[in-house]
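Using the hints provided, position chain B relative to the given structure of chain A.
What follows is each chain in one-letter form.
Number of protein chains: 2
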Amino acid sequence: MRLSDLGEFGLIDRIRKQVKGLSAGVVGIGDDAAVVPLSSGKYLLLTTDMLVEGVHFTLAMPARGIGHKAIASSVSDIAAMGGVPKYAVVSLAVPPSLPCPVVSQMYQGMIMAARKFGVEIVGGDTVKGQKVIINVALTGEVKKNEVVYRHGARAGDRIFVTGPLGRSLKSGRHLRFVPRVLESQYLVKRHKPTAMIDISDGLVADLGHILAESRVGAVIEGRAVPRRREASLKEALYDGEDFELLFTLSPSKAKGLEKHNKSPFRVYRIGEIVSEGEGLQMRTTGGLKRLKIKGYTHF
Amino acid sequence: MRLSDLGEFGLIDRIRKQVKGLSAGVVGIGDDAAVVPLSSGKYLLLTTDMLVEGVHFTLAMPARGIGHKAIASSVSDIAAMGGVPKYAVVSLAVPPSLPCPVVSQMYQGMIMAARKFGVEIVGGDTVKGQKVIINVALTGEVKKNEVVYRHGARAGDRIFVTGPLGRSLKSGRHLRFVPRVLESQYLVKRHKPTAMIDISDGLVADLGHILAESRVGAVIEGRAVPRRREASLKEALYDGEDFELLFTLSPSKAKGLEKHNKSPFRVYRIGEIVSEGEGLQMRTTGGLKRLKIKGYTHF
Chain A
11 MRLSDLGEFG
21 LIDRIRKQVK
31 GLSAGVVGIG
41 DDAAVVPLSS
51 GKYLLLTTDM
61 LVEGVHFTLA
71 MPARGIGHKA
81 IASSVSDIAA
91 MGGVPKYAVV
101 SLAVPPSLPC
111 PVVSQMYQGM
121 IMAARKFGVE
131 IVGGDTVKGQ
141 KVIINVALTG
151 EVKKNEVVYR
161 HGARAGDRIF
171 VTGPLGRSLK
181 SGRHLRFVPR
191 VLESQYLVKR
201 HKPTAMIDIS
211 DGLVADLGHI
221 LAESRVGAVI
231 EGRAVPRRRE
241 ASLKEALYDG
251 EDFELLFTLS
261 PSKAKGLEKH
271 NKSPFRVYRI
281 GEIVSEGEGL
291 QMRTTGGLKR
301 LKIKGYTHF
Chain B
11 MRLSDLGEFG
21 LIDRIRKQVK
31 GLSAGVVGIG
41 DDAAVVPLSS
51 GKYLLLTTDM
61 LVEGVHFTLA
71 MPARGIGHKA
81 IASSVSDIAA
91 MGGVPKYAVV
101 SLAVPPSLPC
111 PVVSQMYQGM
121 IMAARKFGVE
131 IVGGDTVKGQ
141 KVIINVALTG
151 EVKKNEVVYR
161 HGARAGDRIF
171 VTGPLGRSLK
181 SGRHLRFVPR
191 VLESQYLVKR
201 HKPTAMIDIS
211 DGLVADLGHI
221 LAESRVGAVI
231 EGRAVPRRRE
241 ASLKEALYDG
251 EDFELLFTLS
261 PSKAKGLEKH
271 NKSPFRVYRI
281 GEIVSEGEGL
291 QMRTTGGLKR
301 LKIKGYTHF
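Keeping their order, the protein sequence lines are chains A and B. Counting from 11, one number per residue, gives the positions in the first sequence under the working numbering. Counting from 11, one number per residue, gives the positions in the second sequence under the working numbering.
With the rest of the complex left out, here is chain A (with noise of 0.2 Å):
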């Protein structure tokens, strides 16, 4: 069997089972950030994310902007945890041909988002490649309430994004987008969201991502799916890459936040937690319609 069989996300599963066992008393592989033992109050969470050249990013694309999407892409896993970003390593493959200012500029970009985004860039490593590959690994801190997982969903549940979404990949959003980081400081010291994500590979198979760890189902309203700019209804269900916050709240802490009105951002509430039987629905003018859990996937 080839990979291309397997799936990227059964790859994640096999890798899953086969770390497994190995991680007592942390929260492993699964969440947008591992969560691991700080300090009394805190977790110390910790991500890593690799942007491939002819996959995530072309040369033809602003070097600054690739940059930025480095460190912001990192940034948003550590806020769908609900916590703040820290330090970052940086890993760099670069073909020796490449010319010395794309790897400045990439570097500029890198350095802008990260003092943008409150992360300080303390180390890294640079290799030889065929193709420019930047990983970044990032640290986090976040509070042990207010730590929020994919897996805390419960039937009744309302749910939320932070923004429009599709077309980020086809706009050149996703080279410029202001990771959630203050959004969801707000959410979980005043909402305590029951599970979040950040939407990267699109809301329906992120979403599943939530209903695969909460074991619940969900019915998405269509016409409450906020849309970028030009993006179809379609393109807000299955691009990547939008970076914007999916939360689900307990009705009432829905009602709080929806009814005072009082938060500093704008939340769209597109759906409800269902239980894990019903699946993954959406409702639209011809009633409702089963979606199938797919996104963007690398394999």
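The set of hints was computed from the structure by calculation and includes no laboratory data. Note that the structure is predicted; figures quoted are calculated from it, not measured. Beta carbons: idealized from backbone N, C-alpha and C, even for Gly. There could be a bad hint or two in this list.
Said to hold, decoys possible - Distance ranges between label pairs, derived from CB positions:
(1) A:Lys52 with B:Asp23: 30 to 40 Å
(2) A:Arg186 with B:Leu243: 51 to 61 Å
(3) B:Ser50 with A:Lys302: 44 to 54 Å
(4) B:Ala234 with A:Gln195: 50 to 60 Å
(5) A:Gln118 with B:Pro47: 21 to 31 Å
(6) B:Leu243 with A:Thr68: 38 to 48 Å
Below, chain B alone, put in the same frame as chain A:
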């Protein structure tokens, strides 16, 4: 200008200057691992290492060995700072056509190495790539009074290594070496090395890093450099990937280590730190000879 003109250390130097000023109170790019605050008595260590197919390994090598090396070389970076390894996150790029057992065996090698050296693999990222790329980011902990940098060597200090050098790549040893965590712990608790590094670029290149950071020179005794079986002096001086510790001790600490010979492992004294102006020299039967600081570089 292209990266091949700038060279690897030229690139690292550039990146350092670009990142500098960003990291207040942090020992940043330049040591084997970054050192950041953790608690009143401890620092958090952070290191990242990228292994690229066709550069650091080939798929003709045993996949378990590749996995072993990925974890063990990061563990070696933590040991070089006087720390103990803790949590790893692994990014993996793989071509979809790769047979599944290759990935399983690589992970098996990582998991076995992690167990052996006290590391927990707590998360990761898997992506598509044209070549196999493994990035391991590893945290460690070190007591504040036990951390060792590259910059502390002083004229008069003795220079030691923890084992014979050379032919690690040719002999396959680089796929099964044991990083010197226990030796490092013994040294930092009893003998306070003034500077330490692990030999990954080659003895001369890595001693060069200590000399540059400490602003000193060194005289190596050619006859005293321990060699692996069949290794020439040249191979012991310039081959990379030995992953032995190279460290310096004050004359009195050196005497203590050598006299009582209580160390549970063998150490080899190979020379002495001198003033910066004298550069790096090697004593042979023919007298003193200046050594060019070069080693394995990626560009």
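* Can you list which hints this structure breaks, lowest number first? -> none
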